[in-house]
Amino acid sequence: MVNHHRRIVIESIITEELKILRRIEITELYKTISITAVINIIGVSNIVVLGALNYTILTFILSVFIALIIGMTLITFTQHIEKTEIL
Numbered sequence: 409m410v411n412h413h414r415r416i417v418i419e420s421i422i423t424e425e426l427k428i429l430r431r432i433e434i435t436e437l438y439k440t441i442s443i444t445a446v447i448n449i450i451g452v453s454n455i456v457v458l459g460a461l462n463y464t465i466l467t468f469i470l471s472v473f474i475a476l477i478i479g480m481t482l483i484t485f486t487q488h489i490e491k492t493e494i495l
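409 is the number of the first residue of the sequence shown in the numbering used here; add one for each residue after it.
Any given hint might turn out to be false.
With beta-carbon atoms standing in for the labels, derived distance ranges [to be verified]: (1) 415 / 439: 30 to 38 angstroms; (2) 485 / 425: 25 to 33 angstroms; (3) 447 / 420: 37 to 45 angstroms; (4) 476 / 414: 49 to 57 angstroms; (5) 448 / 469: 15 to 23 angstroms; (6) 437 / 468: 26 to 34 angstroms; (7) 478 / 432: 36 to 44 angstroms; (8) 472 / 414: 54 to 62 angstroms; (9) 418 / 468: 18 to 26 angstroms; (10) 481 / 429: 22 to 30 angstroms.
In case anyone wonders, no lab produced these hints; they're calculated from the structure.
For each residue, glycine too, the CB sits at the ideal point set by N, CA and C.
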């Protein structure tokens, strides 16, 4: 009887640990997606600027600034998801 109870406790601990690992895996995936999105946004915005205007330092800074704003929004969203997933 004691062994059966111990087995149930161990199974529930393993189940909880697997849930935690899955949540961590999901948050890491969101972080990777956000970082990739920021890199893609910077690349796309630079290509758009190159096509539309003469490429100057000012337009480069402007495109990076816009990309950073969008990127920070994505990262904030990711952190919100991360907090929600862990709770």
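Against the structure, the hints:
Checked against the given bound of 30 to 38 angstroms, the beta carbons of residue 415 and residue 439, roughly 36 angstroms apart, stay inside it. For residue 485 and residue 425, the hinted distance range of 25 to 33 angstroms is satisfied, since their beta carbons lie about 27 angstroms from each other. The beta-carbon spacing between residue 447 and residue 420, approximately 41 angstroms, falls within the hinted interval of 37 to 45 angstroms. For the hinted restraint 49 to 57 angstroms between residue 476 and residue 414, the CB-CB distance of approximately 53 angstroms keeps it satisfied.
At about 19 angstroms, the beta-carbon gap between residue 448 and residue 469 stays in the expected band of 15 to 23 angstroms. A C-beta distance of roughly 31 angstroms is found between residue 437 and residue 468, which places it inside the suggested range of 26 to 34 angstroms. Between residue 478 and residue 432 the Cβ separation comes to about 26 angstroms, which falls outside the hinted range of 36 to 44 angstroms. Distance hint check for residue 472 and residue 414: the Cβ-Cβ separation is about 58 angstroms, which falls inside the suggested range of 54 to 62 angstroms.
Here the CB-CB span from residue 418 to residue 468 is close to 58 angstroms, at odds with the stated 18 to 26 angstroms. Distance hint for residue 481 and residue 429: a CB-CB separation of about 28 angstroms, consistent with the stated range 22 to 30 angstroms.
Hints 7, 9 from the list above are not met by this structure, while the remaining hints are.
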